[in-house]
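Construct the complete structure from the given sequences, taking the supplied hints into account.
Line by line, the protein sequences are chains A and B.
Convert by adding 57 to the 1-based position in the first sequence; the result is the number in my numbering.
Convert by adding 104 to the 1-based position in the second sequence; the result is the number in my numbering.
Do not take every clue at face value.
To be verified - Listed next, the in silico DMTMM-like pairs over lysine to aspartate or glutamate satisfying Cα-Cα at most 20 Å (straight line):
| no. | chain 1 | residue 1 | chain 2 | residue 2 |
| --- | --- | --- | --- | --- |
| 1 | B | Lys-212 | A | Asp-119 |
| 2 | A | Lys-163 | B | Asp-188 |
| 3 | A | Lys-112 | B | Glu-219 |
| 4 | A | Lys-140 | B | Glu-204 |
| 5 | B | Lys-214 | A | Glu-128 |
| 6 | B | Lys-214 | A | Glu-180 |
| 7 | A | Lys-117 | B | Glu-217 |
| 8 | A | Lys-187 | A | Asp-204 |
| 9 | B | Lys-189 | A | Glu-166 |
| 10 | B | Lys-212 | A | Asp-204 |
| 11 | A | Lys-140 | B | Glu-219 |
| 12 | A | Lys-140 | B | Glu-217 |
| 13 | B | Lys-214 | A | Asp-204 |
| 14 | A | Lys-96 | B | Glu-219 |
| 15 | A | Lys-123 | B | Glu-219 |
| 16 | B | Lys-214 | A | Asp-132 |
| 17 | B | Lys-212 | A | Glu-125 |
| 18 | B | Lys-212 | A | Asp-211 |
| 19 | B | Lys-322 | B | Asp-285 |
| 20 | B | Lys-214 | A | Asp-119 |
| 21 | B | Lys-200 | A | Glu-156 |
| 22 | B | Lys-214 | A | Asp-211 |
| 23 | A | Lys-134 | B | Glu-219 |
| 24 | B | Lys-214 | A | Glu-125 |
| 25 | A | Lys-123 | B | Glu-217 |
| 26 | A | Lys-134 | B | Glu-217 |
| 27 | B | Lys-212 | A | Asp-114 |
| 28 | A | Lys-117 | B | Glu-219 |
| 29 | B | Lys-200 | A | Glu-171 |
Simulated from the structure, these hints should not be mistaken for lab results.
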Amino acid sequence: MNNKKVISAVLLVSDGAIDHEYFMNLLQIEHNELIEILKEINTDLENVGIGFYIKFDNSKSDIVTKAEISELLSDVKPPPILKGLSTPALETLAIIAYEQPVTKLKISEIRGVESESSIKTLESRGLIEKGGELDVPGNPILYTTTDLFLTKLDVSSIGNLPTIGNYFGNSEEE
Amino acid sequence: MNNLEVIENLKNLLVEYTSNSKDQIENNLTMIFQSFENKSLKEDIDNYAEFVLLGASLFELKAKRLLPQEDEVEWLDEVELIKDKDLAFARLLQFKAFTEVGIAMAIKVKQTEQEIPAFKYYQTNSLTIKPEIQYKLELSKFQETAVEVFSRYKTIQGFSHIDKELPDLQVAIDDLLQIVDKRLSTTFGELVSSVNSSQEAVAFFLALLEAVRWGFIKAEQTNIDKEIIIEKNYE
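So, in structure tokens, the structure goes:
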């Protein structure tokens, strides 16, 4: 019971998702035990009809509102991160996500057009960042996606991104 | 004749020309149009345009091979001939794929954003594992240090400039450009001859660097002991 109180309170006041390892060290509990507690808290919240729950995967957890009431939260929720982004910017984001670490030149080569402004826009939104330099003359900057991008896409790591073929599974393949 | 009819007619034409073929090109062509036929044309005209493009490329290749040729042309040479076209086509597909992926990712992000994380007005340090060695600073000691620093900093050498009003860099840039506009050519020594403090001289120097960077002026110093010559940039 005490563990439930601590976990829910920490998630309430923390800024962002919490690593499970933190809870395991704090409360001296095993990972499967922690998962059970998180499930129990969610059941409790569900039983009293609360509008949020604990979203968790194998490595971290956070309190989030329920999707079914999102329409009614439009006045208080933060603006969408992709708001106003053009299709070229989305293309650029997709290229960086799947080709990272990637140079501006490679992005422009794939798109067939200059991608400077799209890269700047994505960088200013915190979706991509400079992740080093390529070891060739001129040392072009390599771009990678950020943790925020992963959070927004609801995947735990770049390795867990769906394969590109998955996006076309329903339309092109017989 | 609408687009669907055009594509249907083209499809029939190509199938007719290739249905009895045996070699690799024709097999490919037949395969493409078999999958072509399995589609409903009403679904998405763009997708079929790609099929037709690919089919047309193969048909062109076949047509070339049917033409009488003086010298025997190797299959590999033929492939070489359409390499650029293949490359362009591959890039088109790659580009289209990333466009689709970008849109799919945007849809996924939109779905994820329907669940809003709890928002805090302050930022706690991320609750990751603490390092084993921590530097401990007691609250009382911290307060003492803070009081000492805030009471003494003005008297400490090197901090005396803190309360001074610093010159505005933008104003310095404007002044510099105005002077260069008037005189067309000047030196850094002349520029700083009328300033009242070293801070103003520094501001002029920073302004000089900015103005050179933006290409408004040219600056040259042939030797470390010589004057910096400043001229308006007419390029």
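Hint check results:
1. Lys-212/B <-> Asp-119/A: The hint holds at about 19 Å.
2. Lys-163/A <-> Asp-188/B: holds, 19 Å
3. Lys-112/A <-> Glu-219/B: holds, 9 Å
4. Lys-140/A <-> Glu-204/B: holds, 18 Å
5. Lys-214/B <-> Glu-128/A: holds, 12 Å
6. Lys-214/B <-> Glu-180/A: holds, 19 Å
7. Lys-117/A <-> Glu-217/B: With a Cα-Cα distance of about 18 Å, the restraint between Lys-117/A and Glu-217/B holds, given a limit of 20 Å.
8. Lys-187/A <-> Asp-204/A: Holds - the C-alpha atoms of Asp-204/A and Lys-187/A are around 13 Å apart, at most 20 Å.
9. Lys-189/B <-> Glu-166/A: holds, 16 Å
10. Lys-212/B <-> Asp-204/A: holds, 16 Å
11. Lys-140/A <-> Glu-219/B: holds, 16 Å
12. Lys-140/A <-> Glu-217/B: holds, 12 Å
13. Lys-214/B <-> Asp-204/A: Holds, because 17 Å separates the two Cα atoms, which is no more than 20 Å.
14. Lys-96/A <-> Glu-219/B: OK: Lys-96/A and Glu-219/B at ~18 Å, within 20 Å.
15. Lys-123/A <-> Glu-219/B: holds, 5 Å
16. Lys-214/B <-> Asp-132/A: Holds - the C-alpha atoms of Asp-132/A and Lys-214/B are around 16 Å apart, at most 20 Å.
17. Lys-212/B <-> Glu-125/A: holds, 16 Å
18. Lys-212/B <-> Asp-211/A: Between Lys-212/B and Asp-211/A the Cα gap is close to 8 Å, so the pair holds against 20 Å.
19. Lys-322/B <-> Asp-285/B: Roughly 12 Å separates the two Cα atoms, so the pair holds.
20. Lys-214/B <-> Asp-119/A: With a Cα-Cα distance of about 18 Å, the restraint between Lys-214/B and Asp-119/A holds, given a limit of 20 Å.
21. Lys-200/B <-> Glu-156/A: holds, 15 Å
22. Lys-214/B <-> Asp-211/A: holds, 11 Å
23. Lys-134/A <-> Glu-219/B: holds, 10 Å
24. Lys-214/B <-> Glu-125/A: Since the Cα atoms of Lys-214/B and Glu-125/A sit roughly 13 Å apart, the hinted pair holds (cutoff 20 Å).
25. Lys-123/A <-> Glu-217/B: Holds, at about 10 Å.
26. Lys-134/A <-> Glu-217/B: Satisfied, since the Cα-Cα distance of roughly 9 Å is no more than 20 Å.
27. Lys-212/B <-> Asp-114/A: Measuring from Cα to Cα gives roughly 17 Å; hence the hint holds.
28. Lys-117/A <-> Glu-219/B: Holds. Lys-117/A to Glu-219/B sits at ~16 Å (cutoff 20 Å).
29. Lys-200/B <-> Glu-171/A: holds, 16 Å
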